[in-house]
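Undergrad: Each chain, written out:
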Amino acid sequence: MKPIREVARRIDLPEDTIDRLFRSHLVLLFLFLYAPIAVVVILSFTPKSFPSFPMEGFSLEWYANLLPPDHDERVVNSLITSLQVGVISALGAGVVGTLAALGLVRSQFSSRWLQSDILYTFTLVPIVVPWIVTGIAGLTFFNLLGIQGTTLSLVIGHILICLPFVILIVSTQLYQFDRSVEEAAMNLGASELRTFYEVTLPLIAPGIIAGMFFAFTISFDNFTQTFFWVSAQDPTLPVVIFGMIDYGLEPTVNAIGAIIVTLSALIAAAAERLSSRVLE
Amino acid sequence: MGERTTDPPGETRSIIRRLSDSDWFRFIQIAPAVFWIGLFLVLPFLIIISYSFFESAPLIDGFGGAQLTLDNYVEFFTRSIYLSILWDSFVIAVVTTVITLLLVYPAAYYLAFSDVKYKNLFLLLFILPFWMNIVIRTYAWRQVFGDGGLVNYLLGFVGAGPVEVLFTRPVVIIGLVHVFLPFMLLPVYSSLSNIDRSQIESAKNLGANRVEAFMEITLPQSVPGVGAGVMLVFVLSFGAFVVPELLGGAQNSMIANRIASMFLELQSWEVGSAVAVIFTALVLALLYAFNRVIGLEGMYGGDNA
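Residue numbers (the working numbering), protein chains in the order written: chain C, 1 to 280; chain G, 1001 to 1305.
A hint or two may mislead.
Derived coverage of chain C by chain G (criterion: at least 3 residues anywhere in the stretch with Cβ under 8 Å from a Cβ of chain G; other residues may be distant) [as the list claims (entries may be wrong)]:
no., segment
1, 22 to 31
2, 35 to 45
3, 50 to 56
4, 84 to 91
5, 94 to 101
6, 150 to 162
7, 209 to 219
Keep in mind the hints are simulated off the structure, nothing from the lab.
Ideal Cβ placement from N, Cα and C applies to all residues, glycine included.
Bound-form chain C, shown alone (with noise of 0.2 Å):
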């Protein structure tokens, strides 16, 4: 360590320089997050099929492939595949992982075998577990179901990818609540019901649909384990385009890609603009 400290103690750059050079750091980095993002925004367009430089004009025939009359089939009917099992996924995850942090961060389990933090360590555990050891225990257990291929296996599968994220959502928002708002909702003559849904619903409400709005979002996405659970006949989105690439580059992805990117980015703003207002 001295050595370490002698040197600190003669480093003393001046201020400006130091700014200087962490701000071209973070330009940099956002370089490197969003040149590939922009390469596949701008070959989006590109008139060849395929998306290579130079682009040699423009075209729209991409965007086109995905609206109807003439759009791809798989691609839509993933895409409504992908959004269904996300909003059943989503409510599925949102529904038992309140009830879970609900109970987790409000008990005082410490008897020899049940201690509460254990039991909080133990809802993570699908975070920890390899995504591919999640997607081939699931799909050797469907298997064994009859149910391998089907959205149930998704819809079960995916409530378990995304039940640890609303956990770590909602207790985090517990964490904050103050529980004599309730007390007082109860001496006032609430009953336990009513004071749930009257003061405790209301107050956690942010942090159950941020919980979900988060889940959804996971299920839409996930690919590595729902690549071993669907079925060719009925896959999700991330799934064709996998395919599609397997094959070889497709500006259809691009495509694709680039309105992922449009809508990810408008959501983001809106979730930024509603919270920045909730927060103020």
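For chain C, the structure is supplied; the task is to place chain G on it using the hints.
TA: Structure of chain G alone, referenced to chain C:
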């Protein structure tokens, strides 16, 4: 929780109240989640473990006709291909984690401590790629490095190239860093922004320069966030599937690709199960060791959890 000042009006209500605050009621609330994870993750993993001791899997006529054997594990440790792919995956994961940390820390530090004008916008820009599909983000790198990609196009202007970089290990690592960077940024930023600035001011008032204040105050207090970020990025990239599949080609596939092909193409679930069991055990052991050294508090979002 404060003492109740008024008695509950009715007998029934106080029973319900006692019930709803009882451990039993809390346990029923937690039960569905525990049941779900137990039934759909722990039990399937136990089945994988049992498959790894069978002579062949998947079983066609039930568990009855199964022959127990250690051959699958013997195969793992005697055929060098498994150990070498596991080692390669480990090296790729470590390099990815180190690069991600080196890239993210200065940026997170700058955003946390300087009064940048559009701080929230910058944070949002860091997290935004997280919402974009991992398959599409990986696909993007093929158009950067591939034939007719951005890099070769730009090299053409200076008269260099074309270079064949796709399907090499550095490109796999670049792809992994890109995909998992937000997982490092969030915990590191959150631990840095929780540091009490007055401590740094005091250190400076006591004669420390910027670097010394950083080494003595900031760096030690950011360890939990760094630990959480390092763990997340390491585990995610160790088990990465999409990135090596699309950017690595046959020579640079990782352990997850190997397991996947044993389940989906080769239909040798028994060896695939053994590889998966060893891999999971290794990941969990590393997590446990890491947790003992650094602690996982940063993952639960700060000091209130």
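Undergrad: Sort out which numbered hints this structure fails and list those numbers smallest first.
TA: 4, 7
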